[in-house]
Amino acid sequence: MKLRRLGVGLLGASLALFGSIAPAHAASTLTIWVNGGDADAYKAASSDWAAKNNVTLNIVAKCGLGDCGMSKLGPAGAGPDLFFATHDNTGSLVKSGVVASLSSTINKTLYPAAVLAGVTSNYQQYGIPISVSNIALATNLALVPSGAPKTWKELESTATSLITSGKATVGIVTHLDGYFMQPFFESLGGYVFENKNGSYTNTKNIGLYSKTLAKNASLMDQWLSEKLFDKSNTYDGSAFTNGKAPYQVVGPWSIDGLDKAGVKYELSGIPSVNGGTARAFSGVSALYLNRFAKNKILAKQYLTEVVQTTAFSKAISTSNSSYPANIEAAAAIDKKSVIAKFGAYGALCLPMPNVAEMNTVWTYWNNSFADWASGKAKFGAAMQAASANLKNALAQG
Amino acid sequence: MRQKFMFVVTYAFGLVLLGMAGKFVENKSWFLGFFFVISSGLIIYVYAISKKIPGKYLVPGLLLLVLFHIYPAFYSGVVAFTNDSNGHQLSKTQAIDAIITDSKIPVQGLAPIKYSTAQATDTKEIYLIFQFPENVFWAGNSDSLVPLNVADVNLTNTGEITKATGFRVLTSAETVEASSDLQNIVIELKDGIWLTPSDLNYLEASKQSFRYSTQRDELIEISTGTTYHPNDNGQMVGSSGELLYPGWKVNVGWRNFTSVVRDEEIRRPLAAVLAWTLFNAILIVVIGFLFGLILALTFNSPHLRSKRIYRMIFIVPLAIPSVLSVLVWSGLFATNIGVIDRLLHIHTPWLTNSFWARIAVLIVELWITFPYMFLISTGAIQAIPNEIIEAAEIDGATALKSFSQIKLPLVLRTVAPLLVASLAMALNNFGVIYLLTGGGPIFPNSNGNAGATDILISYTYKLAFNSQEGNNYGLASALSILNFALIALISIYGLRRMKTMEGVN
Chain E
1 MKLRRLGVGL LGASLALFGS IAPAHAASTL TIWVNGGDAD AYKAASSDWA
51 AKNNVTLNIV AKCGLGDCGM SKLGPAGAGP DLFFATHDNT GSLVKSGVVA
101 SLSSTINKTL YPAAVLAGVT SNYQQYGIPI SVSNIALATN LALVPSGAPK
151 TWKELESTAT SLITSGKATV GIVTHLDGYF MQPFFESLGG YVFENKNGSY
201 TNTKNIGLYS KTLAKNASLM DQWLSEKLFD KSNTYDGSAF TNGKAPYQVV
251 GPWSIDGLDK AGVKYELSGI PSVNGGTARA FSGVSALYLN RFAKNKILAK
301 QYLTEVVQTT AFSKAISTSN SSYPANIEAA AAIDKKSVIA KFGAYGALCL
351 PMPNVAEMNT VWTYWNNSFA DWASGKAKFG AAMQAASANL KNALAQG
Chain S
1 MRQKFMFVVT YAFGLVLLGM AGKFVENKSW FLGFFFVISS GLIIYVYAIS
51 KKIPGKYLVP GLLLLVLFHI YPAFYSGVVA FTNDSNGHQL SKTQAIDAII
101 TDSKIPVQGL APIKYSTAQA TDTKEIYLIF QFPENVFWAG NSDSLVPLNV
151 ADVNLTNTGE ITKATGFRVL TSAETVEASS DLQNIVIELK DGIWLTPSDL
201 NYLEASKQSF RYSTQRDELI EISTGTTYHP NDNGQMVGSS GELLYPGWKV
251 NVGWRNFTSV VRDEEIRRPL AAVLAWTLFN AILIVVIGFL FGLILALTFN
301 SPHLRSKRIY RMIFIVPLAI PSVLSVLVWS GLFATNIGVI DRLLHIHTPW
351 LTNSFWARIA VLIVELWITF PYMFLISTGA IQAIPNEIIE AAEIDGATAL
401 KSFSQIKLPL VLRTVAPLLV ASLAMALNNF GVIYLLTGGG PIFPNSNGNA
451 GATDILISYT YKLAFNSQEG NNYGLASALS ILNFALIALI SIYGLRRMKT
501 MEGVN
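Chains as they are written, first to last, in UniProt numbering: chain E, 1 to 397; chain S, 1 to 505.
Misleading hints may appear alongside valid ones.
Computed list of lysine-lysine pairs in DSBU-like fashion (alpha-carbon distance at most 30 Å, straight line) [said to hold, decoys possible]:
#1 E:K314 / E:K108
#2 S:K163 / E:K43
#3 S:K124 / E:K52
#4 S:K114 / E:K108
#5 S:K92 / E:K72
#6 S:K462 / E:K294
#7 E:K204 / E:K72
#8 S:K23 / E:K294
#9 S:K23 / E:K62
#10 S:K462 / E:K391
#11 E:K52 / S:K163
#12 S:K92 / E:K196
#13 E:K314 / S:K56
#14 S:K92 / E:K204
#15 S:K462 / E:K376
#16 E:K62 / E:K215
#17 E:K231 / E:K244
#18 E:K294 / S:K207
Just so you know, these hints were derived from the structure itself, not from any lab. Since this is a predicted model, take the numbers as computed values, not measurements.
Modelling step: build the complete structure from the supplied sequences, incorporating the hints.
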């Protein structure tokens with residue numbers, strides 16, 4: 001009996017306790033969701049600021065390639081103040097209304113124009129750029145002692161002569177998809193959306209089967225039959241490391257593997273058929289401001305006083321071996337380093353379209369590449385289909 | 001002693017649940033908050049206060065049933081009738097607010113205005129004190145804008161306001177503390193100029209380009225006078241059909257369900273996907289069962305030694321998480337460089353050719369299913385009393401006869417419900433398809449959504465999360481409900497058939 005009364009009492013007490021703890025909320029806490037693996041670097045680089053301003057920083061490693069689940073969590077009030085995303089999400093984040101403009105916070109002089117274009121949508125900047133990444137061409141120095149190709153002719157003749165002499169099984173190890181093939185695609189005159197001064201504002205102008213591409217498309221078929229590209233589309237990295245392929249299209253993520261395999265290579269841009277350099281897509285990783293953040297002003301203050309400093313950019317870039325978006329921090333990088341080589345090519349690259357329509361493009365574009373590689377269609381026909389399907393889908397959307 | 005211990009444990013658990021309830025309430029998840037308050041109370045009542053024995057057995061199961069089955073089912077039922085998707089995630093107020101704030105135009109040629117945060121000495125309200133233009137001082141917040149006398153304000157050389165009569169200027173630490181209140185302050189100047197704090201030091205001046213009229217429920221573009229009205233898909237639309245983003249979530253009735261018939265894009269590959277879904281599920285259950293049964297019969301032979309070791313080996317595919325093994329399989333199947341192609345010296349385009357991709361899916365599914373079939377068959381065979389078999393032998397039945405007339409019916413009787421369950425699982429076998437082929441290779445003319453190895457649920461997944469609007473939760477929920485209905489029908493039919501079979505015995 002006594003126990004029972006005690007029980008009722010405790011139940012009441014715990015309900016009262018629950019009532020008092022639920023609304024408690026610290027006045028100056030800043031929650032930031034960052035890319036997996038970057039949390040410690042962010043913490044180290046912002047701890048001084050947090051201590052000085054008496055702010056509790058809650059940095060969580062949570063994000064990756066997508067939008068961090070923000071399109072659901074933001075409006076529900078469960079999102080952080082700031083979150084990490086790659087710039088190609090900008091369009092759909094803005095379309096969903098889950099990010100707030102940072103135009104008045106960003107110091108545009110700190111970043112290259114192409115990087116700024118990446119985080120811009122409807123003439124407003126929505127992200128503070130952190131780093132830039134892109135693919136590049138690795139040349140196997142054991143097979144090609146003369147080093148990285150200066151022109152497309154040099155690349156093609158080196159590769160084909162190595163293949164015909166049986167020294168190599170494939171010319172360029174690459175994924176046969178939109179992202180990896182973009183430089184080759186562009187040098188034949190194809191493009192996804194019209195790009196003016198680095199921005200994609202006209203998504204009606206689709207160039208997957210542009211007139212120039214239509215004229216040059218047979219070159220792709222020729223390269224496939226010359227084994228310049230591997231039609232099994234398997235991205236056989238071991239062919240490169242075993243000295244069976246002179247070239248490989250690599251990203252910053254491939255470097256560890258290449259170094260471990262002990263292969264000697266040189267990094268460079270990808271030469272264009274028309275001379276000069278063909279442009280790959282560059283990706284910008286950036287911090288975005290949640291429209292439903294609990295403390296937007298403090299978040300902006302943090303972006304201004306911490307994230308946009310050169311020291312912060314350097315710290316993050318050193319910790320995750322990425323190329324900093326900040327111009328000054330980028331200039332401080334050792335020119336001979338691998339990061340700098342990626343960055344040097346990246347400076348010439350095209351920002352990946354950040355419009356919401358890009359999601360649709362990947363589907364059709366990649367499928368057409370697959371159809372071409374598997375021999376279902378000639379390159380021109382495959383791209384013509386991609387272009388038609390895309391136009392159709394966007395018209396319905 | 002033991003009673004007291006149980007008592008403490010029960011209360012501790014109840015408090016943990018209450019703490020979770022607090023978290024959910026904090027995030028405005030009212031249902032889950034409510035649910036955890038109730039379950040906390042219920043658990044304490046049943047285990048510590050009333051001590052009703054039946055309750056002790058029923059409550060945990062019931063609570064988990066509500067949390068993990070009824071709530072998600074109810075939730076997807078609700079979502080299925082909305083247009084919840086990228087671009088339609090906000091509430092209407094949020095969306096209109098977003099359109100207005102995003103279209104603000106910064107006032108050109110105006111330097112950022114420095115401000116200080118202050119508290120009115122009488123009302124304790126927060127004000128922002130700033131000068132605009134030169135030597136004209138103001139204290140303002142969203143509700144009021146008060147002019148200040150120049151003499152009452154102390155301005156430093158750096159343009160900072162450190163004192164104002166009637167106000168207490170906050171220290172920088174206090175400003176940081178008040179920062180979450182600052183973000184909602186909008187000061188309206190004359191000429192339609194709005195001042196909002198852009199950080200803790202500066203105000204930015206901007207003009208609105210849209211105005212919302214609550215009465216007429218329309219957005220008005222101030223410069224042109226164009227009006228935008230809400231459409232029935234939760235979006236503001238101009239007279240010429242121009243859409244404003246973001247939109248908001250609205251109820252769309254049965255639209256998501258009917259889109260299966262109405263939407264050309266969804267309908268076109270549906271027949272092929274449906275056929276493969278059924279074919280794949282039935283084939284895998286039949287082959288898997290036969291394979292398992294034959295193995296079970298073989299390894300049940302009294303002449304075989306170390307049976308236990310063999311049986312243990314057969315459980316391995318079941319024991320390895322299929323997420324891992326399927327990814328390993330996809331590596332084995334890689335064309336030319338994969339282990340299978342290298343070992344057999346073939347160049348089969350396993351995952352890029354429709355026919356071979358289907359074969360690959362079947363192989364992997366068989367590998368995952370047969371141990372289960374082997375287990376249940378072994379169990380069923382061992383449950384057959386020896387006397388029956390012996391009696392059959394004495395009656396002169398051959399091995400084949402005794403298998404087909406006696407063992408098989410008895411085994412089937414035991415395992416039939418399990419086979420129906422396996423069929424339901426095979427119809428929903430998302431993991432293998434998604435990890436091995438991703439549904440590919442893609443059909444031409446399916447607009448990239450459906451492929452040769454797509455089953456209904458993986459097709460649904462791609463439609464919902466890969467379509468041009470990005471994630472389309474409403475459509476996904478509706479399609480998964482339809483998928484559920486289909487599988488329920490097949491299972492009910494299967495169970496009915498099974499009952500008639502019981503009659504045979």
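*Hey, K92 (chain S) versus K204 (chain E), does the alpha-carbon distance stay inside 30 Å?*
holds (29 Å)
*Given the hint that K52 (chain E) pairs with K163 (chain S), does the C-alpha gap stay at or below 30 Å?*
holds (23 Å)
*Pairwise hint evaluation, K72 (chain E) against K204 (chain E), where the allowed Cα distance is 30 Å at most*: holds (29 Å)
*Given the hint that K231 (chain E) pairs with K244 (chain E), does the C-alpha gap stay at or below 30 Å?*
holds (16 Å)
*Going straight from one Cα to the other, do K462 (chain S) and K391 (chain E) come out at no more than 30 Å?*
holds (20 Å)
*Within a Cα-Cα threshold of 30 Å, do K23 (chain S) and K294 (chain E) meet the stated pairing?*
Answer holds: K23 (chain S) to K294 (chain E) is near 16 Å, not above 30 Å.
*asked:* Check the hint pairing K92 (chain S) with K72 (chain E) against an upper bound of 30 Å on the C-alpha distance.
replied: holds (15 Å)
*Could you grab the alpha-carbon distance between K314 (chain E) and K108 (chain E) and see if it respects the 30 Å cut-off?*
holds (18 Å)
*Starting from K294 (chain E), check that the Cα of K207 (chain S) is at most 30 Å away, please.*
holds (24 Å)
*Verify the proposed pairing of K314 (chain E) with K56 (chain S), using a straight-line Cα cut of 30 Å.*
Outside the cut-off at roughly 59 Å; violated.
*Quick one, are K23 (chain S) and K62 (chain E) close enough, alpha carbons at most 30 Å?*
holds (19 Å)
*Holds or violated: K462 (chain S) with K376 (chain E), Cα cutoff 30 Å?*
With Cα atoms ~23 Å apart, K462 (chain S) and K376 (chain E) stay inside 30 Å; holds.
In this structure, the hints that do not hold are numbers 2, 6, 12, 13 and 16, in rising order.
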